[in-house]
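Colleague: Here is how the chains run, residue by residue.
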Amino acid sequence: MSHQVEFGLWIFMLATFIGFEVIRRVPPLLHTPLMSLTNAISGISLVGSIILAGAGRGMMATVLGAIAVCASSINVVGGFMITDRMLKSFKRSGAGGEAR
Amino acid sequence: MSEWLLSLLYLGASIGFILSLKWLSHPTTARKGVRAGELGMAAAIIGTLLHAGIVDYRWILIAAFIGSAIGAALAIYMPMTAMPQRIALSHAFGALAAALVGTAEFLLVGGDLDTFTAGVLGLEMLLGYLTVTGSLIAFGKLQGIVRDKAWVFPGQNLMNIGVLAVGLVVVAALTMSPASTRLIPFLIVIGLAFGALFVLRIGGADMPTVISMLNSFAGLSGAALGFAIGNPILILAGALDGASGFLLSVFMCRAMNRSIVNGGFGGFGATPTAGAAQDQRPVRITSAEEVAMLLDTASLVIIVPGYGMAAAQAQHKVRELTTLLEKRGTEIRFAIHPVAGRMPGHMNVLLAEANVPYEQLYDLDDVNPDFPRCDVAIVIGANDVVNPAARHDPDSPIYGMPILDVDAARSVVVVKRSMRSGFSGIENELFYAPPTMMLFGDAKEVAGDLVHEVSKLPVPVLAR
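As you go down the protein sequences, you meet chains A and B in turn. As numbered in this note's numbering, residues 1 to 100 make up the first sequence, in order. As numbered in this note's numbering, residues 1001 to 1464 make up the second sequence, in order.
Bound-form chain B, shown alone (with noise of 0.2 Å):
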């Protein structure tokens, strides 16, 4: 084939990928977003299986065959309270795809890579091997395989950037002389010995930033094989999963108040909070009763979700009940903060399964103003995301991170299996304040019980 059609069907793929994250700003058009993105896709492929340098297509086929079975079946069976642990499986995949396609380029090439590509190389193997590994132990986290908790002793971060500063050094001899490729086997073992323990240092409520940072980290490993084979195409949509992969860990990290450095290198997960004394002030607490009678009279009710819904598997009895309560006439929001789930955007997906309306999901920024104005604000499943103390405690872990004012409501009744403290071990004041009822329960059942409950109220006259 031709070199100038490879370059056209290049060319179109780099189109399909720009139009398809720029289609996934609205979800009227991201569906034909993903169609953009499968045609470029295509496109690359098509080009690239006909690429003159290819003579053989037998293991291309069957590897592509496996690949694709395995890939088909995650994506239907996958339930989607699992798609962190699939979105992290998938870093590793991709990741491990470039790694040893990296290491194989050097290996076959070596002492004839010119000063740029072989640190290009170096540097891919790299970022490539510490991502395969620190997926997996992410997937295996999200997945409940791997201890949850942040894995810590003292002296730790000074050995992860020990082990790190080797690799590089690794790095830099390959650079120098890139004929001495038996140093790539001590690359690897130093990659996956990084990523290893690089995640298993961050404990569960910073998997969204972690997640991220993995995203952008398998992007720039692609990007880096583009430079080192000389695919431009490569270079493009790694460029596209980098620069992604990065806004989204801001984002996280903005959402946590916290540095993009404190996020790997220290923080909540880790810090255990001193001594978080138990408080022994009273609660009030309530009954499923008498919150369907605060709900017969409410006209602005926002839920506020958090991942112990999803864990509880209740957001279908949370839109049944939603969807009661909008044919008795009252507004409903869902205020979701940025990190209720565990990865970025992942209370909306939940939500949205169960066929909660988007136009009913706001943002933090959005829905804050609402609460003054809202009658009953049901937290169900979050805790720290609602805890005013981020607000006004300076001595708190948590102040400065953006939350919630769910205080503001004018009833608040908490949703919660008991009164233990949250992911970070902070006590929350929001339980203490005047407006808050506790509901204890199993959120599902919970959720059920205010459903039968408020199925039992009288028709309001007003809505049809």
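Only chain A is shown next, with the shape it has when bound in the complex (with noise of 0.2 Å):
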């Protein structure tokens, strides 16, 4: 097994153990923007795609890479915008307006 891929297999590992304790503390009030805020960080596949599509490997990967990069970039944005605005919405009795 390479470096790399044991690297990898202990952040795995680890991310998804904090996933869990942390994610198990979020309470069925907020499952929804939860949902959206995840949706928002795995986004993070844009990362991905912007190293195939900027690398000048070819014109399959720039295309691919660009859906890719247009895709995850719905998500990225969509996703946080949309979960604040949910977020927003959550007040407390007699807080009208001053929601923070």
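Because the hints were derived from the structure by calculation, they are not lab data. A few of these clues could be false.
[Claimed, not checked] Result set (BS3-like, lysine-lysine): computed pairs, CA atoms no more than 30 Å apart in a straight line: (1) 1022/B <-> 1032/B; (2) 1456/B <-> 1327/B; (3) 1327/B <-> 91/A; (4) 88/A <-> 1022/B; (5) 1444/B <-> 1456/B; (6) 88/A <-> 1327/B; (7) 1149/B <-> 91/A; (8) 1444/B <-> 1327/B; (9) 1032/B <-> 91/A; (10) 88/A <-> 1032/B; (11) 1444/B <-> 91/A; (12) 1456/B <-> 91/A; (13) 1444/B <-> 1149/B; (14) 1456/B <-> 88/A.
Just so it is clear, the structure is predicted and the values come from calculations on it, not from any experiment.
Now that you have both chains on their own, put them together as the hints suggest.
Modeller: Here it is, written out as structure tokens:
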């Protein structure tokens, strides 16, 4: 097993563990914003798409990469915006419009 | 740009993502969480753009601009009721990006891939493409483009498993000989076909589970891509997304008393319940005026909303009603079953948008002990989640499913269009129970009538 793979497995294992522990604490109240936030975060495929589209590895790579950049930026931009829009509507009683 | 700066930015991004999920554990810190996630994402993107390997920025910028515009438009104009559709659509986009990058990587490197990377990329493509079509079908079902009912025929499970098995064989072949890239189109077709077959098989009632599963798949395919191209931040974000989707599907299955396997390959969206004999017992029918009189003297009122309320756009009228009652000194709670909407937590978002304060939104376990001291429970648009048969009738398809114990309340008002049974086609005993009264009509109109009747009541002396 190469060093890189081993390193990757460590990250995967620890991130899954942290994910379970942190997400278990998200109340059902916020499960929809949770899903839309993790969606935005998984828009991180943008990183892989950028590397593919911009590395000058030929026509096929550039085209597929550009489509991937487009698809993942929909998730990044849309995901964060809509999560915020949802969370804005969660208010305490009597807190009228001063939600922060 | 130096290698260590990139590593540092990726590290910062990881911290941002983890904090963002951590802060989502409470409504007061949740928006800070979104900021943390955005900062993390910005760090990762800036780091990547400045990465030494990038030589051509033209297509990246054009594609990113188009994508951002579409994303922003979707975020601004999508109504909250359509949230499940939007989420399904974004699972499809996320999986498409990961699958395309994986495909290109495999086609470019092909024979030079080591066994591990070839295997991971193969699985990544299979998972990615099946999530694309699966999510698109889910989107179609939620949007009403594809028939909502489960599409079932004999031998279907066997066929689906067969298709998946062929896909896995192709992945194995690619792992053994990564140079045979001509197998890749087959893999793509099989992935796309399985995704569609898998979700067509599933009925509307199981949507919350399916959406969560697809969420998990999209995340895992991202993580697999991270392994293949050796990018740690992709592995981390994909693992977080995968874990979140997995946990949510477990919660949804638990809320419906199903196993994960059962959720995907069978269940009451699919099995036609044996004849569902029409019950001929009489029900007690009431009027808005009568309910208003009950509400007049109530000290605790619990509202039990279901998807029917959202479908009728009645949440704003319901909020008007509860505001009126609150002013009269009545305590209000909303009892929300985990599968009340079409995706996890959907009902909470809809009610929050209608300005219901979040302290009034109660989870199943927190509200059930309150029903015995509840004077009036108003069930509006919910059906299976309040059916007492789930507690005591082992023959019922929903037996064992955790339900809201509405029948323990002193009076129960069920707002319903007609006596037709719910999603699962199961007769609901609650309608015939002694404390229950039926209030027939469109949820929005009925809520409006109740607002009208309650506002005519004399103001109690105790409330100001």
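Colleague: Now, for every hint given, state plainly whether the structure supports it.
Modeller: Here is how each hint holds up against the structure:
{"no.": "1", "hint": "1022/B <-> 1032/B", "in the structure": "10 Å, holds"}
{"no.": "2", "hint": "1456/B <-> 1327/B", "in the structure": "14 Å, holds"}
{"no.": "3", "hint": "1327/B <-> 91/A", "in the structure": "18 Å, holds"}
{"no.": "4", "hint": "88/A <-> 1022/B", "in the structure": "18 Å, holds"}
{"no.": "5", "hint": "1444/B <-> 1456/B", "in the structure": "19 Å, holds"}
{"no.": "6", "hint": "88/A <-> 1327/B", "in the structure": "25 Å, holds"}
{"no.": "7", "hint": "1149/B <-> 91/A", "in the structure": "36 Å, violated"}
{"no.": "8", "hint": "1444/B <-> 1327/B", "in the structure": "21 Å, holds"}
{"no.": "9", "hint": "1032/B <-> 91/A", "in the structure": "15 Å, holds"}
{"no.": "10", "hint": "88/A <-> 1032/B", "in the structure": "11 Å, holds"}
{"no.": "11", "hint": "1444/B <-> 91/A", "in the structure": "23 Å, holds"}
{"no.": "12", "hint": "1456/B <-> 91/A", "in the structure": "29 Å, holds"}
{"no.": "13", "hint": "1444/B <-> 1149/B", "in the structure": "25 Å, holds"}
{"no.": "14", "hint": "1456/B <-> 88/A", "in the structure": "34 Å, violated"}
The structure is inconsistent with the numbered hints 7 and 14, although it conforms to all the rest.
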